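Between the sequences and the hints, there should be enough to build the whole structure, so can you do that?
Listed here are the chains, written in short residue letters.
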Amino acid sequence: MAKKIKIAEEFLEGKLSVDEIEAGNLENSMDEEFIDTYRKVISKNSEEEIPNFNLFEKTAFQQKKERSNSFKRTFSYAATVVALIGFFSLFFYFSTIRKQHTQPVKIAETQKEVIQVLLLFSEELNKTLKNFDEATTAFQPFADYKNYSIEFNNPIKNFKINEL
Amino acid sequence: MTDSDFEKQILQYKKKLYRFALSILKQKEDAQDAVQEVVLRMWKKRELLNSDENFESYCMNSIKNYALDLLRKKRNFQNYKEFTSTGNIAPEEFENKDLIERMQLFLKQLPVQQRMTIELKDFQGYEYEEVSAILEISVNAARVNVSRGRKRLYEKFKEEISNG
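These protein sequence lines are chains A and B, in that order. Following our numbering, the numbering of the first sequence begins with 1 at its first residue and continues without gaps. Following our numbering, the numbering of the second sequence begins with 1001 at its first residue and continues without gaps.
Simulated from the structure, these hints should not be mistaken for laboratory data. A quick note: this is a predicted structure, and the numbers were derived from the prediction, not measured.
Cβ-Cβ distance ranges computed for the label pairs, FRET-style: (1) 71/A to 1100/B: 49 to 59 Å; (2) 1029/B to 44/A: 17 to 27 Å; (3) 71/A to 1136/B: 38 to 48 Å; (4) 67/A to 1161/B: 58 to 68 Å; (5) 69/A to 1054/B: 26 to 36 Å; (6) 43/A to 1141/B: 21 to 31 Å.
When the alpha-carbon atoms are kept at most 27 Å apart in a straight line, the in silico BS3-like pairs for lysine-lysine are as follows: (7) 1015/B to 64/A; (8) 1108/B to 1026/B; (9) 1028/B to 1045/B; (10) 1158/B to 15/A; (11) 1074/B to 1044/B; (12) 1008/B to 58/A; (13) 1026/B to 44/A; (14) 58/A to 1044/B; (15) 40/A to 1014/B; (16) 1015/B to 44/A.
Glycine residues also receive a C-beta, built at the ideal position from the N, C-alpha and C atoms.
Given below as structure tokens:
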């Protein structure tokens, strides 16, 4: 005959699991009933259906959120790039148009300025040539006057004082 | 771990995860929410996870951590005595309940550490070593918690029987 198990020592001390205790092998009816009830509770629990819920509900939601965030990020990035390109295009477009409008006016102005500069240059050149000519005449050595023909170079050669 | 591997693996443990979460949180909605949240957190780290034997233990451990965090937060907002205390059950809760249902109520009244160890050891059939790995406690502590929980249930059961 199998030895009666002392429930307090074996099961309650955690040495045995409920499956290891055979029915009718316990010391008293109270222990028998306790083990039987305990077993039924375990059995009822394991047979109980769990609610049919989606294990990946939050995961799916998170994935959706991430996709949405990623789209938003990409969209805002693309929008920024497009805006920048648009801005620069407009800038270049308007600056080119402005250039085209201002060119004839600028050419006319330049032409006028060049003419003025040329006139001034010509005036200055004349002055300089005149000064040079005078300077050459004034400082030339006396010996050079040897061949100086008064007849040829004299401006008053034909001057007749009596006819005045 | 790839997406499909992760889904396959995690679906295997759906029932266990839900039951363990329910044993800690007691509310079906909270348990569902906890499981979905833990699945989401693990999904985010799926590339770092290995599909070896520790995966199950890791899942259960994550459920435990999340559920206990949730309990702590709830306790900060309201007087959540029922989660830790071993207070008496209101008499109206016992009305029209058989012994098995009363045992289930007693089980819910156990302190959370004892409830978790009993759930894992007796209801889900884990060995003490596995329980200790999941709960991150020593094997001896796991055995002590199981023993204390069983003893408390036994005392409650005896009281019920003697009160008729």
